[in-house]
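Protein chains: 2
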Amino acid sequence: MKLKMLYSFLKTDIEEIEKELNLAIDSDTTLLKEASLHLLQAGGKRIRPVFVLLAAKTGEYDIHVIKNVGVALELIHMASLVHDDVIDNAELRRGRTTIKAEWDNQVAMYTGDYMFARALDYMTIIEQPIAHKILSNSIVELCIGEIAQIQDKYRFDQTLRDYLRRIRRKTALLIAVSCQLGAVAGKVSPDIHERLYRFGYYVGMAYQITDDILDFTSTEDKLGKPAGGDLLQGNVTLPVLYALKEPDLADRIKHVHEDMPTNDMAMLITDILQTNAIKKSSELSQRYLKKALHELDGLPPSRAKKSLRDIALFIGKRKY
Amino acid sequence: MKLKMLYSFLKTDIEEIEKELNLAIDSDTTLLKEASLHLLQAGGKRIRPVFVLLAAKTGEYDIHVIKNVGVALELIHMASLVHDDVIDNAELRRGRTTIKAEWDNQVAMYTGDYMFARALDYMTIIEQPIAHKILSNSIVELCIGEIAQIQDKYRFDQTLRDYLRRIRRKTALLIAVSCQLGAVAGKVSPDIHERLYRFGYYVGMAYQITDDILDFTSTEDKLGKPAGGDLLQGNVTLPVLYALKEPDLADRIKHVHEDMPTNDMAMLITDILQTNAIKKSSELSQRYLKKALHELDGLPPSRAKKSLRDIALFIGKRKY
Numbered sequence: 001m002k003l004k005m006l007y008s009f010l011k012t013d014i015e016e017i018e019k020e021l022n023l024a025i026d027s028d029t030t031l032l033k034e035a036s037l038h039l040l041q042a043g044g045k046r047i048r049p050v051f052v053l054l055a056a057k058t059g060e061y062d063i064h065v066i067k068n069v070g071v072a073l074e075l076i077h078m079a080s081l082v083h084d085d086v087i088d089n090a091e092l093r094r095g096r097t098t099i100k101a102e103w104d105n106q107v108a109m110y111t112g113d114y115m116f117a118r119a120l121d122y123m124t125i126i127e128q129p130i131a132h133k134i135l136s137n138s139i140v141e142l143c144i145g146e147i148a149q150i151q152d153k154y155r156f157d158q159t160l161r162d163y164l165r166r167i168r169r170k171t172a173l174l175i176a177v178s179c180q181l182g183a184v185a186g187k188v189s190p191d192i193h194e195r196l197y198r199f200g201y202y203v204g205m206a207y208q209i210t211d212d213i214l215d216f217t218s219t220e221d222k223l224g225k226p227a228g229g230d231l232l233q234g235n236v237t238l239p240v241l242y243a244l245k246e247p248d249l250a251d252r253i254k255h256v257h258e259d260m261p262t263n264d265m266a267m268l269i270t271d272i273l274q275t276n277a278i279k280k281s282s283e284l285s286q287r288y289l290k291k292a293l294h295e296l297d298g299l300p301p302s303r304a305k306k307s308l309r310d311i312a313l314f315i316g317k318r319k320y
Numbered sequence: 001m002k003l004k005m006l007y008s009f010l011k012t013d014i015e016e017i018e019k020e021l022n023l024a025i026d027s028d029t030t031l032l033k034e035a036s037l038h039l040l041q042a043g044g045k046r047i048r049p050v051f052v053l054l055a056a057k058t059g060e061y062d063i064h065v066i067k068n069v070g071v072a073l074e075l076i077h078m079a080s081l082v083h084d085d086v087i088d089n090a091e092l093r094r095g096r097t098t099i100k101a102e103w104d105n106q107v108a109m110y111t112g113d114y115m116f117a118r119a120l121d122y123m124t125i126i127e128q129p130i131a132h133k134i135l136s137n138s139i140v141e142l143c144i145g146e147i148a149q150i151q152d153k154y155r156f157d158q159t160l161r162d163y164l165r166r167i168r169r170k171t172a173l174l175i176a177v178s179c180q181l182g183a184v185a186g187k188v189s190p191d192i193h194e195r196l197y198r199f200g201y202y203v204g205m206a207y208q209i210t211d212d213i214l215d216f217t218s219t220e221d222k223l224g225k226p227a228g229g230d231l232l233q234g235n236v237t238l239p240v241l242y243a244l245k246e247p248d249l250a251d252r253i254k255h256v257h258e259d260m261p262t263n264d265m266a267m268l269i270t271d272i273l274q275t276n277a278i279k280k281s282s283e284l285s286q287r288y289l290k291k292a293l294h295e296l297d298g299l300p301p302s303r304a305k306k307s308l309r310d311i312a313l314f315i316g317k318r319k320y
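Those protein sequence lines, which keep their order, are chains A and B.
Under the UniProt record's numbering, the first residue of the first sequence is numbered 1, with each subsequent residue one higher.
Under the UniProt record's numbering, the first residue of the second sequence is numbered 1, with each subsequent residue one higher.
In short, the hints are calculated from the structure, not lab data.
Just so you know, even glycine gets a beta-carbon here, dropped at the ideal spot from N, CA and C.
It is possible that part of the hints are untrue.
[Said to hold, decoys possible] The calculated EDC-like cross-link candidates involving lysine to aspartate or glutamate, where the alpha carbons are at most 20 Å apart (straight line), are:
no. : chain 1 : residue 1 : chain 2 : residue 2
1   : B       : K133      : B       : D152
2   : B       : K187      : A       : E127
3   : A       : K133      : B       : D211
4   : A       : K133      : B       : E127
5   : A       : K33       : B       : D152
6   : B       : K133      : A       : D26
7   : B       : K170      : B       : D211
8   : B       : K33       : A       : E220
9   : A       : K153      : B       : D62
10  : A       : K133      : B       : D26
[As the list claims (entries may be wrong)] Have a look at the derived ranges for each label pair, beta carbon to beta carbon:
no. : chain 1 : residue 1 : chain 2 : residue 2 : range
11  : B       : D62       : A       : I130      : 20 to 28 Å
12  : A       : L23       : B       : A250      : 39 to 47 Å
13  : A       : D191      : B       : M5        : 18 to 26 Å
14  : A       : K153      : B       : M5        : 43 to 51 Å
Build the full structure now, drawing on both the sequences and the hints.
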């Protein structure tokens, strides 16, 4: 079962967004166009536009309006990836070389700026002031999250709360806003768009926890980047936090550093996998998914509601 | 005569904006706050907020609304400075160490992102959709300009048109938009806010040409950064373009590179100063100022109009 089967009735509209994304990054400036295209063509699940469209289906759905919101959210997401790769010194993203690896940090920074600016431009089709307030608030949070993430690296004394706040800003917020803005653009009542915000938020939390689990349990082939990379780079994810509770492991984890020999790292990962860290992480992810599904209960039945539900369930089971 | 004497009747409101700028960058995240404060406290002319206020004075003036636009424009300007310093590898800005020098490129990138996000947040107080369209369009242009600027470095075969397009994006556009958005927030007619846009555009062009002249004629003490730095870094400014027309100089200019000995550079600058490059650059700057003043003719008399005129005249004579 593939993710996109869950919303196949949106196929034409999603193709429309893909086409628009290509137009969005078009530019006379060759360097900018090449760098943006490089990232765009690496693909991605386009899950944010999908949430935008599905949420809009709960209200007045006009693809000519709503596609702009979908494009905007995907561009913001892509811009944040480009800037993240500068920080992480990442060489690979979605199985391709990153912009910073292919060009340099400077080009990556400005390409991110440009994609972000284009996103804002697309958003101006929505005239409701509340949409712009929601978006700008969440972007501020996103940026705070990005810099907090630098500060939190290799900080092994952090709490579960630190982790949850970090993934909220890093992932859950933009998915929540995708759902909410789709609904706002569809002119639904605040009751509905706030409910969809919460749905997106819970789904986003579950999604990121799953991502953090997969970084331990999956393979380089499936991830498009080396497995175990999070810990190596000092990202203290949920499985790491649980593993830190094992006295034997805690000391070894606290000594992780970027230039650690591959073999030592592989052994540490194997040992972490033998604790209950993954199981406990999955349980928390499942709790978030349950909350997400609960939010959907308040919506009238529709094909969009069914898709949202199926996507949430899919995320709970995904293996890549 | 100091610039701020020309709009002393706005003193209280400008202090209000300064206070708000400090609030704007406040954050629980220490690193972010320190980095932003570092730049904010380096000062600056805050000329963009001044234009916002003066333009708003041509319409309905409510400081509680308009100050947010002023703060937004200054934050966008500051964000672009922070990102520019990453590109330029600049160590000094406004006589202080840059964020990238004090911390690193990563912190500078995210601090810029954060300031920019805060700017958007401030702008949401303006509900007219046209304001957001104007702003997002100009930010896209700004970003294209930033990356084009990298490509244009040490390209000594570029034309006057390349230069003018570059300074339009780099400087004139944001000043034009400051004037226009102040006026839009003041709810004036399109005729007036478009006129103020053109005024700001012409003033901005003159301002940047003057800046590019001062980089040759001023001292490190007055500039807050080493004189002649533009050419050394491969920025082909207007005086350089005119100097390139002198066959004797052209060849020497084309051999400029970043690691050039200080003495060779000093000699080259002295020789450029002996051509008519500065005089011809000043003439073009004056032509833009004349156009700016001409736009003001269409406005009814007011204290704000007088200030706008005085600022334009001041820019034509400024020596720092």
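Q | Structure-inconsistent hints, enumerated in ascending order | A | 1, 3, 8, 9, 13
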